[in-house]
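Trainee: In case you want the letters, here they are:
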Amino acid sequence: MKIDAIKNGIVIDHITAGCGMQIYNMLGLDKLDCSVAIIKNAPSLKTGKKDIIKIDSHIDLNLDIISFLSPNATVNIIENEVCVEKRSVDLPERLVNIIRCKNPRCITTTEQEIRHEFILSDRAKREYRCIYCDTKANP
Amino acid sequence: MRNLINILDLSVEEIDELIRVADDILEQPEKYREVCRHRILATLFYEPSTRTRLSFESAMLSLGGEVLGFSEASSSSAAKGESVADTIAIVSGYADIIAMRHPKEGAPIVAARHTRVPVINAGDGGHYHPTQTLADLMTIHHEKGRFDNLTIGLCGDLKFGRTVHSLIEAMSRYEGIKFVLISPEELKLPSFVKKEYIKDKGIPYRQSTSLDEVIADLDILYMTRVQKERFFNEEDYLRLKDSYILTTEKMKLAKEDMIVMHPLPRVNEISTAVDDDPRACYFRQTYYGKLMRMALIMKLLEIQV
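Chains as they are written, first to last, in the working numbering: chain E, 106 to 244; chain W, 64 to 368.
These are calculated hints, taken from the structure and not from any lab test.
Worth double-checking, as some hints may not be accurate.
Stretch-level coverage of chain W by chain E, calculated; a stretch enters the list once three of its residues show a Cβ under 8 Å from a Cβ in chain E [as the list claims (entries may be wrong)]:
| no. | stretch |
| --- | --- |
| 1 | 118 to 132 |
| 2 | 144 to 151 |
Here are some, though not all, of the chain E residues that point toward chain W, as calculated from beta-carbon distances under 8 Å [what the hints assert, rightly or not]:
| no. | residue |
| --- | --- |
| 3 | Ile-183 |
| 4 | Arg-199 |
| 5 | Ile-219 |
Note that the coordinates shown come from a computational prediction; the quantities given were computed from them, not determined experimentally.
Where a beta carbon is used, it is the ideal one built from N, C-alpha and C, also for glycine.
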């Protein structure tokens, strides 16, 4: 399968296979006017399979979303078809307004305009906890 | 300005200081009768809790202060859809200190972000209840005379029982503590509480579904009620509510100096016949709670006598 190289834009590479669509949705890439390609289950030497997202424009990305869903992903900045910067992401210590607490007893289910905040409680397990009710959240 | 959301907001030294003040109030109540004159406590109770609310109000009145507030959400602006943030911002202008109970977990954290006066968490859902823990600690201090080298049995609803979680957190900071966790499978202690405050601290513990099997080992038996309001499904509540009932027969198996505590209200988990046993200290516990709330109000209002 061949997808053209982008001239100026961003390539999110090494996304955990199966997470590409979720990252696409959570980053709001469906709202962009430029070309966006999602490649699922591309061959990967490291992990066997990976997803890739190519965005044919320079936009601000919320890296916390990418690192939360796929901590091994890399973000490559492309200018004139050349990768000028390669950023690796790391699990953020804090997630703000990225996910919502699933505990029906949590104040976030009723309070208006509240910040949905989670803190990293166990890096090895990629486990976060709601700062309000301590309920666990995983990608 | 300080708030009290979780018992761990207070250091061991601060708890010792609160106990010293509470002891002094017990000895010389007249010394404290006017210390909060012209100060107002707002009790914002979004769910009913007669005892905790009255304890706070009695504490403030005994310090010479005034009280205002509401005792259920339906009689507050919450019924019109007002947010906790807005209510707190407004009440901050009416009172010098706020005690708040809310059925949603984490509501006091929202309150603390929007308040201009100290906020005390008087219980948030199944989450924290730090002033009950202060009452529990004062009870242990008075009835056992120490906080270390105790085997503490926690019995009943360990899953939703917020007083249990807070007591475990508080007691896990002392030496020589052992926990015995007695509950049906469905109401076991949440794994994160067990991990963070028992396992990770290397504290010995044992889990049992039988009170009879373990009661002889205990220095403290902390009974809890299976709370109907924490269940979404009435069938589950009915199936589990009578899991453990403490009777005079069971008390015969316990040590002579074991104490029985309960955050109250009880339904039927402690037979009324046990009330006459000198080891039953749950009614004294409520009085200790009032003294600790008096000490806490003074601390947060930075009043020294």
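Trainee: Determine which of the earlier numbered hints do not hold for this structure and return their numbers in increasing order.
Mentor: 1, 3 and 4
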